[in-house]
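Next come the chains, spelled out residue by residue.
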Amino acid sequence: MKLSRMLLPWAGGLTLLLGIAGLWFALFDSPPDYQQGETVRIMYVHVPAAWMSLFCYVVMAISAGVGLIWKHPVADVAAKGSAPIGAAFTIVTLISGAFWGKPMWGKWWVWDARLTAELVLLFLYLGYIALIHAFDDPKRGLKAGAVLALVGLINVPIIKFSVDWWTTMHQPASVVKMGGPAIDASMMVPLLLMAFAFKAYYIYVLLLRMRAEVTAGKVRALRLRQAHGAV
Amino acid sequence: MQGSIGEWLDMGGYAAYVWPVYGIAFAVLIGAFIHSLRSLRGEEAALDNLLRTIQLEREPDGEA
Numbered sequence: 001m002k003l004s005r006m007l008l009p010w011a012g013g014l015t016l017l018l019g020i021a022g023l024w025f026a027l028f029d030s031p032p033d034y035q036q037g038e039t040v041r042i043m044y045v046h047v048p049a050a051w052m053s054l055f056c057y058v059v060m061a062i063s064a065g066v067g068l069i070w071k072h073p074v075a076d077v078a079a080k081g082s083a084p085i086g087a088a089f090t091i092v093t094l095i096s097g098a099f100w101g102k103p104m105w106g107k108w109w110v111w112d113a114r115l116t117a118e119l120v121l122l123f124l125y126l127g128y129i130a131l132i133h134a135f136d137d138p139k140r141g142l143k144a145g146a147v148l149a150l151v152g153l154i155n156v157p158i159i160k161f162s163v164d165w166w167t168t169m170h171q172p173a174s175v176v177k178m179g180g181p182a183i184d185a186s187m188m189v190p191l192l193l194m195a196f197a198f199k200a201y202y203i204y205v206l207l208l209r210m211r212a213e214v215t216a217g218k219v220r221a222l223r224l225r226q227a228h229g230a231v
Numbered sequence: 001m002q003g004s005i006g007e008w009l010d011m012g013g014y015a016a017y018v019w020p021v022y023g024i025a026f027a028v029l030i031g032a033f034i035h036s037l038r039s040l041r042g043e044e045a046a047l048d049n050l051l052r053t054i055q056l057e058r059e060p061d062g063e064a
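In the order they appear, the protein sequences are chains S and Z. Quick note: the first sequence, position 14, residue 14 per the numbering used here, numbers continuous. Quick note: the second sequence, position 18, residue 18 per the numbering used here, numbers continuous.
None of these hints come from the bench; they were simulated from the model. Being a predicted model, the structure only gives us computed values, none of them experimental. Where is the CB? At the ideal position from N, CA and C, for every residue including glycine. Errors might be hidden in some of the hints.
[Unchecked claim] Calculated Cβ distances over 10 Å to all of chain S for the following chain Z residues:
#1 Ala25
#2 His35
#3 Glu59
[Unchecked claim] With a cut-off of at most 20 Å between alpha-carbon atoms, the simulated SDA-like pairs for lysine to any residue come out as follows:
#4 S:Lys218 <-> Z:Arg58
#5 S:Lys107 <-> Z:Gly13
#6 S:Lys199 <-> S:Lys139
#7 S:Lys107 <-> Z:Ile24
#8 S:Lys218 <-> Z:Asn49
#9 S:Lys199 <-> Z:Val28
#10 S:Lys143 <-> S:Val66
#11 S:Lys218 <-> Z:Ile54
#12 S:Lys102 <-> Z:Met11
#13 S:Lys218 <-> Z:Met11
#14 S:Lys102 <-> Z:Gly31
#15 S:Lys218 <-> Z:Glu43
#16 S:Lys199 <-> Z:Gly31
#17 S:Lys139 <-> S:Asn155
#18 S:Lys2 <-> Z:Gly13
#19 S:Lys160 <-> S:Lys139
#20 S:Lys102 <-> Z:Pro20
#21 S:Lys71 <-> S:Val147
#22 S:Lys199 <-> Z:Ala27
#23 S:Lys102 <-> Z:Glu59
#24 S:Lys2 <-> Z:Glu43
#25 S:Lys102 <-> Z:Gly12
#26 S:Lys218 <-> Z:Glu44
#27 S:Lys107 <-> Z:Trp19
#28 S:Lys143 <-> S:Glu213
So here's chain S without its partners, still in its complex pose (with noise of 0.2 Å):
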């Protein structure tokens, strides 16, 4: 509670600030693509907001997975926490997705591999959510929550390595691949201060929901002693 106390500020500022300038980057001093025109402007939404709809996930999973082995309870919030977080970039990235789709494939939603998996990551997210409000027992539903979360981790890779495995339409990767990234400064400069932009609204937002759940927490316990005559 204190380390989040501290690092709130931090991260709160650091959002701000990365965002301004990556929107700037991203809006005003960027060039057009040669192929794809203004619509290239999308990428700067679309991409930092895939790559964490995946990081919250994988975050989720391990958090849920230590908590299932270890019964760590600041695992069991942080991966309560991660999950909305997640599931909101998912949305981001599959609407983004299909505003990119429209102009350049002429089409909003093709069933693809790689949108196919996005589109079950959401699911994954949204089961979890549910599964671990499902239970009277908080602990059960985190349990079986952990499970599903460890079950859908198989998904990740299916998305990262999709455009390779499958003939699609998905451009395949072009910043995280062998022999550095194929694409120009310019373009750099926006898609890497979004997605740190992202990243510390991630962890903002993340410490926000876990405090909430920590001091939720302290509630329950108070009315269950208050319930049972011991305060």
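Chain Z: place on chain S using the hints.
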């Protein structure tokens, strides 16, 4: 940046695709932030209330 504000807003004819993406992303992320902040405030208020009632219940006995 080149050209006028009108040209910039037009996004090379792709305004109908570029701007909604930024708008929706902003709305979703701000929405998630506000929801999280509200739940934190709500839980903190609930905890405060609870602690206050406990305090009030204790005081007549002179325990507090």
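Do the hints match the structure? See the list:
no. : hint                  : verdict
1   : Ala25                 : violated, 5 Å
2   : His35                 : violated, 8 Å
3   : Glu59                 : holds, 13 Å
4   : S:Lys218 <-> Z:Arg58  : holds, 19 Å
5   : S:Lys107 <-> Z:Gly13  : holds, 17 Å
6   : S:Lys199 <-> S:Lys139 : violated, 29 Å
7   : S:Lys107 <-> Z:Ile24  : holds, 19 Å
8   : S:Lys218 <-> Z:Asn49  : holds, 12 Å
9   : S:Lys199 <-> Z:Val28  : holds, 15 Å
10  : S:Lys143 <-> S:Val66  : holds, 11 Å
11  : S:Lys218 <-> Z:Ile54  : holds, 14 Å
12  : S:Lys102 <-> Z:Met11  : holds, 15 Å
13  : S:Lys218 <-> Z:Met11  : violated, 51 Å
14  : S:Lys102 <-> Z:Gly31  : violated, 26 Å
15  : S:Lys218 <-> Z:Glu43  : holds, 9 Å
16  : S:Lys199 <-> Z:Gly31  : holds, 17 Å
17  : S:Lys139 <-> S:Asn155 : violated, 25 Å
18  : S:Lys2 <-> Z:Gly13    : violated, 50 Å
19  : S:Lys160 <-> S:Lys139 : violated, 32 Å
20  : S:Lys102 <-> Z:Pro20  : holds, 13 Å
21  : S:Lys71 <-> S:Val147  : holds, 14 Å
22  : S:Lys199 <-> Z:Ala27  : holds, 17 Å
23  : S:Lys102 <-> Z:Glu59  : violated, 67 Å
24  : S:Lys2 <-> Z:Glu43    : holds, 17 Å
25  : S:Lys102 <-> Z:Gly12  : holds, 15 Å
26  : S:Lys218 <-> Z:Glu44  : holds, 10 Å
27  : S:Lys107 <-> Z:Trp19  : holds, 18 Å
28  : S:Lys143 <-> S:Glu213 : holds, 17 Å
Violation of the numbered hints given earlier is confined to hints 1, 2, 6, 13, 14, 17, 18, 19, 23; the remaining hints are satisfied by the structure.
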